[in-house]
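J.: From first to last, the protein sequence lines stand for chains R and D. Per UniProt numbering: the first sequence = residues 1 to 367. Per UniProt numbering: the second sequence = residues 1 to 367.
Keep in mind that the hints were calculated from the coordinates and are not lab data.
One copy or two, either will do: identical chains are not told apart, so a pair holds if it fits within one copy or between any two.
Straight-line C-alpha distance at most 20 Å; calculated SDA-like pairs for lysine to any residue:
{"id": "1", "residue 1": "LYS195", "residue 2": "LEU131"}
{"id": "2", "residue 1": "LYS26", "residue 2": "LYS60"}
{"id": "3", "residue 1": "LYS195", "residue 2": "SER42"}
{"id": "4", "residue 1": "LYS195", "residue 2": "GLU133"}
{"id": "5", "residue 1": "LYS195", "residue 2": "ASP44"}
{"id": "6", "residue 1": "LYS195", "residue 2": "LEU46"}
{"id": "7", "residue 1": "LYS60", "residue 2": "ARG360"}
{"id": "8", "residue 1": "LYS60", "residue 2": "GLY112"}
{"id": "9", "residue 1": "LYS195", "residue 2": "ARG126"}
It should be emphasised that the depicted structure is a prediction, and the values quoted were computed from it without experimental measurement.
There are 2 protein chains.
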Amino acid sequence: MTAFAATPQESTAAEQEAFVTAVAGKLTAFLAEKSMLLAGISTDSLVLVDSIASLVTGGKRMRALLCYWGWRGAGGAPGAEEIIMAGASLELFQAAALIHDDIIDRSDTRRGGPSVHRQFGTLHGRHGWSLDEERFGHAAAILTGDLCLSFSEEMFAAIGAGAGSRARAVFNLMRTEVMAGQYLDILEEVSGPTKPHGTAVARASAIIRFKSAKYSSEHPLVLGGALAGASPELLSGYSAFALPLGEAFQLRDDVLGVFGDPAQTGKPAGDDLREGKRTVLVGLTIDAAGEPEREFVDTHLGRQDLSDAEIGRLCSIMVDSGALAGTEEMISALSSTAFTALAGLPIDGAIAAALSALGRSAVSRTS
Amino acid sequence: MTAFAATPQESTAAEQEAFVTAVAGKLTAFLAEKSMLLAGISTDSLVLVDSIASLVTGGKRMRALLCYWGWRGAGGAPGAEEIIMAGASLELFQAAALIHDDIIDRSDTRRGGPSVHRQFGTLHGRHGWSLDEERFGHAAAILTGDLCLSFSEEMFAAIGAGAGSRARAVFNLMRTEVMAGQYLDILEEVSGPTKPHGTAVARASAIIRFKSAKYSSEHPLVLGGALAGASPELLSGYSAFALPLGEAFQLRDDVLGVFGDPAQTGKPAGDDLREGKRTVLVGLTIDAAGEPEREFVDTHLGRQDLSDAEIGRLCSIMVDSGALAGTEEMISALSSTAFTALAGLPIDGAIAAALSALGRSAVSRTS
Chain R
1 MTAFAATPQE STAAEQEAFV TAVAGKLTAF LAEKSMLLAG ISTDSLVLVD
51 SIASLVTGGK RMRALLCYWG WRGAGGAPGA EEIIMAGASL ELFQAAALIH
101 DDIIDRSDTR RGGPSVHRQF GTLHGRHGWS LDEERFGHAA AILTGDLCLS
151 FSEEMFAAIG AGAGSRARAV FNLMRTEVMA GQYLDILEEV SGPTKPHGTA
201 VARASAIIRF KSAKYSSEHP LVLGGALAGA SPELLSGYSA FALPLGEAFQ
251 LRDDVLGVFG DPAQTGKPAG DDLREGKRTV LVGLTIDAAG EPEREFVDTH
301 LGRQDLSDAE IGRLCSIMVD SGALAGTEEM ISALSSTAFT ALAGLPIDGA
351 IAAALSALGR SAVSRTS
Chain D
1 MTAFAATPQE STAAEQEAFV TAVAGKLTAF LAEKSMLLAG ISTDSLVLVD
51 SIASLVTGGK RMRALLCYWG WRGAGGAPGA EEIIMAGASL ELFQAAALIH
101 DDIIDRSDTR RGGPSVHRQF GTLHGRHGWS LDEERFGHAA AILTGDLCLS
151 FSEEMFAAIG AGAGSRARAV FNLMRTEVMA GQYLDILEEV SGPTKPHGTA
201 VARASAIIRF KSAKYSSEHP LVLGGALAGA SPELLSGYSA FALPLGEAFQ
251 LRDDVLGVFG DPAQTGKPAG DDLREGKRTV LVGLTIDAAG EPEREFVDTH
301 LGRQDLSDAE IGRLCSIMVD SGALAGTEEM ISALSSTAFT ALAGLPIDGA
351 IAAALSALGR SAVSRTS
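Put together the whole structure using the sequences plus the hints.
T.: Given below as structure tokens:
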């Protein structure tokens with residue numbers, strides 16, 4: 001107990017922390033219930049829920065928090081049950097996406113631990129089971145991701161947003177767009193080198209809009225607003241803030257994927273280059289580099305067996321071509337657009353400050 | 001126009017045909033809407049919906065039909081919009097399951113055409129894209145299955161069954177159970193040989209209950225009833241019919257997977273043996289065969305490179321051990337239990353006849 005009243009910033013921070021705790025509690029209770037259901041089928045199946053549970057305990061909860069402040073900005077009550085459920089649903093959706101992404105990208109680690117398909121591979125190896133360990137790992141992780149995707153939707157449906165509601169429409173659109181965006185992403189990995197160099201940046205920009213900016217930023221914020229019954233004008237204002245913010249966020253992610261500190265990002269150095277992600281950073285490189293460098297990029301990106309020296313050369317080309325600096329400029333410009341839009345939103349100052357803090361950490365983070 | 005009144009059987013058949021047509025129309029309209037949405041993202045992404053569309057035009061529509069007659073038996077109106085949507089949702093769910101199953105099982109064909117991951121692999125090869133064709137095919141099919149799973153749920157949610165309704169509970173349970181059952185299925189493939197022979201049949205029976213009987217038969221019928229507001233007693237009666245029917249259906253599927261005519265099943269001979277499915281048929285074989293035959297089964301099942309001679313020997317062991325005959329006996333016993341329960345259901349005679357015809361074709365089919 002203190003004799004002084006909390007400052008607006010302090011009470012916002014406390015409210016945000018209470019929400020994060022409530023989302024975690026909701027996820028724990030939901031998954032405990034699912035574990036009981038699975039135990040009735042076979043205790044062998046409990047590992048499916050365990051791997052989901054370990055995945056949703058980590059993460060920055062950025063989507064859930066955007067959803068929360070979108071709700072609060074539109075007049076939703078602090079700590080209401082429906083927004084906790086919406087946050088939990090978004091976290092489950094993200095977990096499902098990560099599980100399948102890691103199979104697609106052949107990523108061995110996630111949030112500092114083994115990815116789900118690697119966990120199942122290890123389970124196979126430890127028991128000395130027959131047939132192929134990697135294949136079992138992938139198969140089990142496909143099913144775990146499907147289960148998690150269903151859980152996400154089950155949680156969302158339990159909110160009780162009507163069939164024709166704006167919130168339901170946003171939830172549906174979010175899922176379709178992110179899956180289409182992810183497909184365009186893997187398509188670009190394989191077909192990018194056959195397409196004109198001059199349009200690489202435009203293609204990469206379209207991909208991050210749908211795969212990332214709308215999914216990770218715009219839709220969560222708008223969803224929260226829609227659940228609270230926000231006006232179409234406020235929802236448009238939310239989009240004007242969150243879409244460029246989300247694009248800046250993804251550009252930051254791309255930079256960290258190549259130039260980030262593995263100790264901070266939790267991903268091995270060069271992972272994004274071995275995966276062959278054709279990001280805006282890569283597009284700018286291809287656009288600006290000389291012919292020999294361009295050819296080096298096209299022939300080396302996506303090779304699983306890249307040496308440290310080759311990774312170093314790819315990084316040098318990105319720096320020397322000015323592509324890294326260009327990406328940083330784009331991040332600044334997009335951030336500026338986003339925060340200008342935020343300043344114009346007709347929402348409570350403390351809530352705007354919370355969104356601003358969330359946005360700043362998203363675009364200037366190091367992990 | 002005819003001067004004679006239709007017989008009950010004729011009018012039931014016409015009603016069933018009208019429903020199947022309506023479900024197909026609903027799917028076509030829904031997917032056309034999604035194509036428009038994807039076209040706005042990138043025409044490159046349209047292939048995702050195209051592959052789903054081609055998959056949902058085929059199939060026996062068994063789940064949708066069970067759902068329909070469950071609805072009608074509980075007093076639902078013929079051709080009502082909500083039951084058409086429920087049928088379409090079940091078809092989309094099944095399509096999603098097939099897309100991911102085919103990746104898991106490495107099946108090249110589905111419903112007489114290439115499986116979805118093979119379609120994407122071919123697309124890659126045709127364009128001469130870079131990196132790995134198979135890996136691209138799997139990645140794209142994982143995403144297509146995810147999209148289809150989301151579509152299934154979007155369609156179900158549009159029905160507007162309340163958050164706490166029985167129908168929603170059945171839909172949720174169905175998804176969790178089938179995914180857990182599929183996991184147990186792949187787990188049994190790799191861990192079966194390390195477990196006691198004497199419990200192989202019990203393990204395989206549990207798998208088909210959750211992976212298949214509940215998902216493909218019990219839940220669709222109960223879902224239809226629940227949407228029409230059926231009493232708990234009627235829903236229990238539906239389960240008493242549909243659960244053993246579904247088990248018999250899966251046992252028939254297992255027999256066809258080994259002994260079926262490839263020209264009729266659309267799957268290559270020996271496919272199930274190469275996949276290494278440890279079915280009840282396999283369990284009975286392992287239980288009854290002599291030691292050398294048992295060892296031959298354990299060491300050959302699941303090998304992708306099985307020769308025709310090895311497939312022939314596996315088939316012989318299944319016949320000679322009495323396992324095939326034992327499976328047929330189980331199909332008969334389960335069918336008998338199912339049809340006895342059906343006869344006791346308090347539903348209209350014409351509807352019971354429609355369910356009976358559906359059940360008979362499920363357990364005595366050749367494809």
